[in-house]
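Line order of the protein sequences matches chains F and R.
Going by our numbering, the letters in the first sequence line up with residues 1 to 164, in that order.
Going by our numbering, the letters in the second sequence line up with residues 1 to 164, in that order.
Worth double-checking, as some hints may not be accurate.
Claimed, not checked - No farther apart than 30 angstroms at their CA atoms in a straight line, the calculated lysine-lysine pairs in the BS3-like style are these:
hint: 1; chain 1: F; residue 1: Lys146; chain 2: R; residue 2: Lys90
hint: 2; chain 1: F; residue 1: Lys90; chain 2: R; residue 2: Lys90
hint: 3; chain 1: F; residue 1: Lys108; chain 2: R; residue 2: Lys48
hint: 4; chain 1: F; residue 1: Lys90; chain 2: F; residue 2: Lys146
hint: 5; chain 1: R; residue 1: Lys108; chain 2: R; residue 2: Lys90
hint: 6; chain 1: R; residue 1: Lys108; chain 2: F; residue 2: Lys146
hint: 7; chain 1: F; residue 1: Lys48; chain 2: R; residue 2: Lys90
Derived by calculation from the structure, the hints in this document are not laboratory data.
Below, each chain spelled out in residue letters.
There are 2 protein chains.
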Amino acid sequence: MTDESVEQEQTHELPRDEAVDVDTLIAERDEYLDHLRRVAADFENYRKRTAREQENLVARAAERLVRELLPVLDDLERALEAAEEHEEAKLEEGVRLVHRRLEEALRKEGLEEVPTDGLFDPHLHEALLAQPAEAESGTILEVLQKGYRLGDRVVRPARVMVAE
Amino acid sequence: MTDESVEQEQTHELPRDEAVDVDTLIAERDEYLDHLRRVAADFENYRKRTAREQENLVARAAERLVRELLPVLDDLERALEAAEEHEEAKLEEGVRLVHRRLEEALRKEGLEEVPTDGLFDPHLHEALLAQPAEAESGTILEVLQKGYRLGDRVVRPARVMVAE
């Protein structure tokens with residue numbers, strides 16, 4: 001809205017003819033000043049609103065994941081109770097449930113395992129060990145610790161053993 | 001900066017004397033228009049930059065917590081391996097570790113348990129059951145499910161049994 005009206009004023013002619021009407025000039029000058037004040041006030045309000053919004057966004061982004069994790073925490077506490085009662089089957093079942101729920105919550109956030117089939121890639125993997133092998137040099141022989149990425153960002157490279 | 005210069009222009013005199021110099025008027029008008037264009041362009045750039053920043057902020061806010069949860073996921077997987085090997089003591093120890101780490105990660109995000117000692121408070125608690133008791137009416141007799149808050153926000157009320 002603001003930009004469009006400024007755009008229009010850019011195509012305005014600015015006559016430098018001395019015979020120009022003083023009243024017209026004053027009207028134009030006042031109109032620009034008035035418009036300038038409104039744009040500046042809008043800008044200031046926008047800046048304040050955005051600062052508040054950003055605080056909220058950050059708080060909410062973490063809150064969503066925290067909410068998803070509450071049932072995981074509940075299930076873990078139930079599993080611990082089962083451990084205290086020496087109910088081994090229940091404990092094991094509980095741990096499986098916790099694992100599934102935590103994986104699910106993290107997948108919803110966009111977390112994915114780093115692929116490790118194929119050749120070593122320094123953007124995705126960290127080679128902890130190299131070992132002589134029949135496989136092509138650089139082939140991943142074993143995953144020592146899983147790696148993860150979140151969208152395009154590798155949050156943790158996979159730690160691997162590679163063929164020399 | 002922008003606001004200050006607008007402020008200065010607001011204290012400017014705007015003479016309506018017919019004898020006013022046309023050149024001065026034109027200069028003033030052109031200056032306001034020029035200033036208006038700059039403020040509008042700054043505003044537009046700010047708007048674009050903020051949109052990008054907000055996307056980033058949201059992505060990063062979740063990323064911090066996700067990073068904290070990776071070791072929890074690792075420990076859970078190790079606990080599951082112990083379960084498969086029927087190493088009960090190791091499984092139990094693993095679950096305790098997972099619980100401690102998850103609690104710690106959530107506490108770092110600002111998660112706190114809702115207090116349940118004392119009287120029922122509808123802002124913090126949800127009464128699932130009421131039972132005749134010697135205690136004062138509204139006293140919390142038992143916590144059926146823990147409640148949590150994140151800063152000032154109750155993300156889940158505690159589910160409780162109260163005295164009638």
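Each hint tested on the structure:
no.: 1; hint: Lys146/F / Lys90/R; verdict: holds, 21 angstroms
no.: 2; hint: Lys90/F / Lys90/R; verdict: holds, 15 angstroms
no.: 3; hint: Lys108/F / Lys48/R; verdict: holds, 28 angstroms
no.: 4; hint: Lys90/F / Lys146/F; verdict: holds, 27 angstroms
no.: 5; hint: Lys108/R / Lys90/R; verdict: holds, 27 angstroms
no.: 6; hint: Lys108/R / Lys146/F; verdict: holds, 24 angstroms
no.: 7; hint: Lys48/F / Lys90/R; verdict: violated, 54 angstroms
Checked against the numbered hints listed earlier, the structure breaks hint 7 alone; every other hint is satisfied.
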